[in-house]
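Peer 1: All residue numbers for the sequence shown refer to my numbering, where the first residue is 1 and numbers rise by one.
Where hints are given, some of them may not hold.
Unchecked claim - Across the chosen pairs, the derived CB separations fall in these ranges:
1) I45 x T130: 15 to 21 Å
2) E6 x F74: 43 to 49 Å
3) Y118 x S43: 23 to 29 Å
4) L144 x G93: 27 to 33 Å
5) N146 x K92: 26 to 32 Å
As the list claims (entries may be wrong) - Subject to a maximum C-alpha distance of 25 Å in a straight line, what follows is the list of computed PhoX-like cross-link-like pairs (lysine-lysine):
6) K92 x K65
7) K68 x K79
8) K92 x K79
9) K92 x K135
10) K135 x K65
11) K42 x K65
12) K68 x K40
13) K42 x K94
14) K65 x K79
15) K42 x K135
16) K79 x K94
17) K68 x K5
18) K40 x K92
19) K94 x K65
20) K40 x K65
21) K135 x K94
22) K68 x K92
23) K40 x K94
24) K42 x K92
25) K40 x K135
Calculated from the structure, these hints are not laboratory results.
Quick reminder that beta carbons are idealized off the backbone N, C-alpha and C, glycines included.
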Amino acid sequence: MEPTKELEQQEELEQQEIALTEVIENIDMELAFLVNLVNKSKSEIGISLNIGGFLVTGMLIGGEKYFKLFGDSFASAFKSEDDIASIQELYKGKSSTYTKEINIDFISYIHLEDAKFYNGNGGPVINHSTLWRGKLSDVSGYFLGNIV
Numbered sequence: 001m002e003p004t005k006e007l008e009q010q011e012e013l014e015q016q017e018i019a020l021t022e023v024i025e026n027i028d029m030e031l032a033f034l035v036n037l038v039n040k041s042k043s044e045i046g047i048s049l050n051i052g053g054f055l056v057t058g059m060l061i062g063g064e065k066y067f068k069l070f071g072d073s074f075a076s077a078f079k080s081e082d083d084i085a086s087i088q089e090l091y092k093g094k095s096s097t098y099t100k101e102i103n104i105d106f107i108s109y110i111h112l113e114d115a116k117f118y119n120g121n122g123g124p125v126i127n128h129s130t131l132w133r134g135k136l137s138d139v140s141g142y143f144l145g146n147i148v
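Kindly produce the complete structure, drawing on both the sequences and the hints.
Peer 2: The structure is reproduced here in structure tokens:
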């Protein structure tokens, strides 16, 4: 291999490592640990998250369950049985990612079922609950339990 090509590859690897370090520094590793436990155990727990001035509250669920529920919900908008089956299969594939052992350093999303959103004044943003997926790096604080 040419020295310049080797140097370019070395620099690219260093840049990827720096980018990963920046992401990890912005994630509360205790929260990532909780997400990892839920992903592995298929347990659920009430949690409330501070994100960008909003409070998001709901049941912390694993990625496997999230993608199954999301796929079912999205597929329900279609009439064709083939379309429904294709969409469900697509999201079943995404959910299978969460059945494997994941290094805690690579957990970057959190999934909630029955999520509700509240603004800074405590008022609801929407009047119903929903599935929700968010970036762990956007969470500035959390507590266990739901806001009723």
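Peer 1: For the pair we were handed, K92 and K65, check the Cα-Cα distance against 25 Å.
Peer 2: holds (9 Å)
Peer 1: Check the hint pairing K40 with K94 against an upper bound of 25 Å on the C-alpha distance.
Peer 2: holds (15 Å)
Peer 1: K68 and K5: Cα distance at most 25 Å?
Peer 2: Distance ~43 Å between K68 and K5 Cα, so the pair is violated.
Peer 1: Take the C-alpha atoms of K68 and K92, compute the straight-line distance between them, and say whether it is at most 25 Å.
Peer 2: holds (6 Å)
Peer 1: Given the hinted pair K68 and K79, is their Cα-Cα distance within 25 Å?
Peer 2: holds (19 Å)
Peer 1: Hinted pair, alpha-carbon criterion (25 Å max): K94, K65. Please report holds or violated.
Peer 2: holds (10 Å)
Peer 1: When you check the alpha-carbon spacing of K92 and K135, does it fall within 25 Å?
Peer 2: Roughly 21 Å between the alpha carbons, so the hint for K92 and K135 holds.
Peer 1: Given the proposed pairing of K42 with K65, does the C-alpha separation stay at or below 25 Å?
Peer 2: Measuring from Cα to Cα gives roughly 8 Å; hence the hint holds.
Peer 1: Within 25 Å, alpha carbon to alpha carbon, are K92 and K79?
Peer 2: Answer holds: K92 to K79 is near 19 Å, not above 25 Å.
Peer 1: Is it true that the CA of K68 sits at most 25 Å from the CA of K40?
Peer 2: Since the Cα atoms of K68 and K40 sit roughly 16 Å apart, the hinted pair holds (cutoff 25 Å).
Peer 1: Given a hinted range of 43 to 49 Å, is it respected by the beta-carbon distance of E6 and F74?
Peer 2: Since the Cβ atoms of E6 and F74 sit about 45 Å apart, the hinted range of 43 to 49 Å holds.
Peer 1: Under the criterion that the straight-line Cα-Cα distance not exceed 25 Å, is the pair K135, K94 satisfied?
Peer 2: holds (17 Å)
Checked against the numbered hints above, the structure violates only hint 17.
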